[in-house]
Structure formats: structure tokens, C-alpha cells
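Chemist: Protein sequence lines correspond, in order, to chains A and B. Going by this note's numbering, 102 is the number at position 102 of the first sequence; the sequence numbering is gapless. Going by this note's numbering, 34 is the number at position 34 of the second sequence; the sequence numbering is gapless.
Rather than coming from a laboratory, the hints here were simulated on the basis of the structure. These numbers come from a predicted model, not from an experiment. It is possible that some hints are incorrect.
Under the rule of at most 25 Å between Cα atoms (straight-line distance), these lysine-lysine pairs were calculated in the BS3-like manner [as the list claims (entries may be wrong)]:
1. A:42 to B:45
2. B:2 to B:45
3. A:78 to A:57
4. A:42 to B:42
5. A:78 to A:42
6. A:57 to B:79
7. B:42 to B:79
8. A:78 to B:2
9. B:2 to A:57
10. B:79 to A:83
11. A:83 to A:57
12. A:83 to A:42
13. A:42 to A:57
14. B:45 to B:79
15. B:42 to A:57
16. B:45 to A:83
Okay, here's what each chain looks like letter by letter:
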Amino acid sequence: EPEVTQTPSHQVTQMGQEVILRCVPISNHLYFYWYRQILGQKVEFLVSFYNNEISEKSEIFDDQFSVERPDGSNFTLKIRSTKLEDSAMYFCAGAGNNQPQHFGDGTRLSIL
Amino acid sequence: RKEVEQDPGPFNVPEGATVAFNCTYSNSASQSFFWYRQDCRKEPKLLMSVYSSGNEDGRFTAQLNRASQYISLLIRDSKLSDSATYLCVVGPYSSASKIIFGSGTRLSIRP
């Protein structure tokens with residue numbers, strides 16, 4: 001079964017640095033999402049992306065965050081100036097039309 | 001009221017037992033409902049969608065009560081491999097919209 005793949009699996013970064021998390025969705029996915037999960041907490045929505053634009057974003061997704069899908073395959077999440085509280089698992093997800101979302105295996109982001 | 005509310009557990013049951021989880025959601029306009037499972041430090045994996053008429057997939061049965069805004073999951077003949085956190089997930093609108101996760105119910109199956 002095709003999978004959503006994410007890289008890197010673990011990213012360690014100094015506070016204030018920029019990070020880019022990458023995702024390759026399944027080829028027939030039309031809708032793309034980023035979620036995060038702080039250790040011990042629930043999965044939280046960050047942003048959804050459809051037809052090359054953001055369709056919805058949460059309060060967490062402030063000006064420090066951006067997403068793009070530059071080449072039609074990779075879907076990236078950029079955090080411009082990381083903070084300690086950005087430490088979390090970041091999950092990419094994709095979905096076909098009216099289909100459940102399928103998640104990648106996540107990137108653990110550790111901010112020092 | 002939380003958007004999606006679950007009993008956190010943990011549920012600790014013997015292998016072979018039947019176990020049931022419940023979940024309530026606050027948005028009556030919600031259109032899609034799911035159970036995901038999450039193993040420790042892994043991604044959520046879709047277990048099953050939940051339909052209004054109720055649905056079954058092997059040992060797993062899901063029910064939806066829209067009037068009470070209540071979703072359930074029943075696991076029969078539980079296996080050691082069923083040990084995980086079970087996430088109740090609700091989708092408000094369309095495919096483009098976010099899905100909202102409950103905090104999860106932790107299940108531990110003992111031999």
C-alpha cells in the first residue's frame with residue numbers, strides 16, 4: 001500500500017533557526033495537511049492545502065509558519081524562527097476526494 | 001465543552017476480552033467520523049470510518065449516534081497487538097477541512 005513519507009525522521013535545531021520539514025504524499029491525494037503533536041498531548045491541526053493554496057489554518061499557524069508544494073510532489077512546512085515550544089512531532093497527511101486522511105510517519109522536531 | 005471528548009483510560013483488559021470505547025463531539029454539523037489508532041511515538045493510522053448505520057470490520061464495530069453526538073468502538077476477542085491509543089476523530093465539513101482529534105483512550109491488553 002502506498003505511504004505518505006516524511007523527511008527527516010528527526011530534526012534537532014537551535015532556537016531561532018529555520019527548519020523545513022518535507023512530505024511526499026500519495027500520488028492521488030488532492031488535499032494536504034500538517035498536524036503536530038506535542039509529547040503527551042493530542043494531535044493538533046496546523047494547516048490544510050488544496051489547489052496550491054492554503055484552505056484553512058489554525059491559530060498555531062502564525063507568521064512563522066509557511067507551506068508550499070513547489071514541484072507538485074513535495075509538500076513542505078517551514079518554520080522561520082523556531083521557538084522551544086515548537087518541539088513536537090509533525091505529521092503530514094493527505095487525502096483523496098471525500099476520503100479519510102492518511103498520515104506520514106512524522107518528523108520529530110527538537111528545538112534546543 | 002471539548003470538541004471531541006474521550007475517556008483517557010487506561011483500559012487494562014485480558015487477552016480475549018471485549019472492550020468498548022466511547023466518544024462525544026460538540027459540533028452537531030460534523031459530517032465525518034473515524035477511529036484511528038496510534039502506537040507509542042508513531043503516526044495515527046486509520047482504523048475505520050464510522051457510518052450512520054454502524055459498521056463492522058472483523059473484530060471491530062463502530063457505532064454513531066448523531067442525536068446524542070456519540071461515537072463508539074467495540075473490540076471483540078482482543079489481541080495483544082490491539083494495545084495502543086485509540087483516537088476518536090471528527091471531520092466538520094468537507095475533504096479540505098481539518099479533522100479534530102480526541103485526546104485518545106489508552107488500551108493495554110495483558111496475556
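Chemist: For every hint, state whether the structure bears it out.
Modeler: Outcome of the hint check:
no.	hint	in the structure
1	A:42 to B:45	holds (14 Å)
2	B:2 to B:45	holds (22 Å)
3	A:78 to A:57	holds (14 Å)
4	A:42 to B:42	holds (13 Å)
5	A:78 to A:42	holds (22 Å)
6	A:57 to B:79	violated (39 Å)
7	B:42 to B:79	holds (19 Å)
8	A:78 to B:2	violated (29 Å)
9	B:2 to A:57	holds (19 Å)
10	B:79 to A:83	violated (41 Å)
11	A:83 to A:57	holds (19 Å)
12	A:83 to A:42	holds (20 Å)
13	A:42 to A:57	holds (17 Å)
14	B:45 to B:79	holds (17 Å)
15	B:42 to A:57	holds (24 Å)
16	B:45 to A:83	violated (29 Å)
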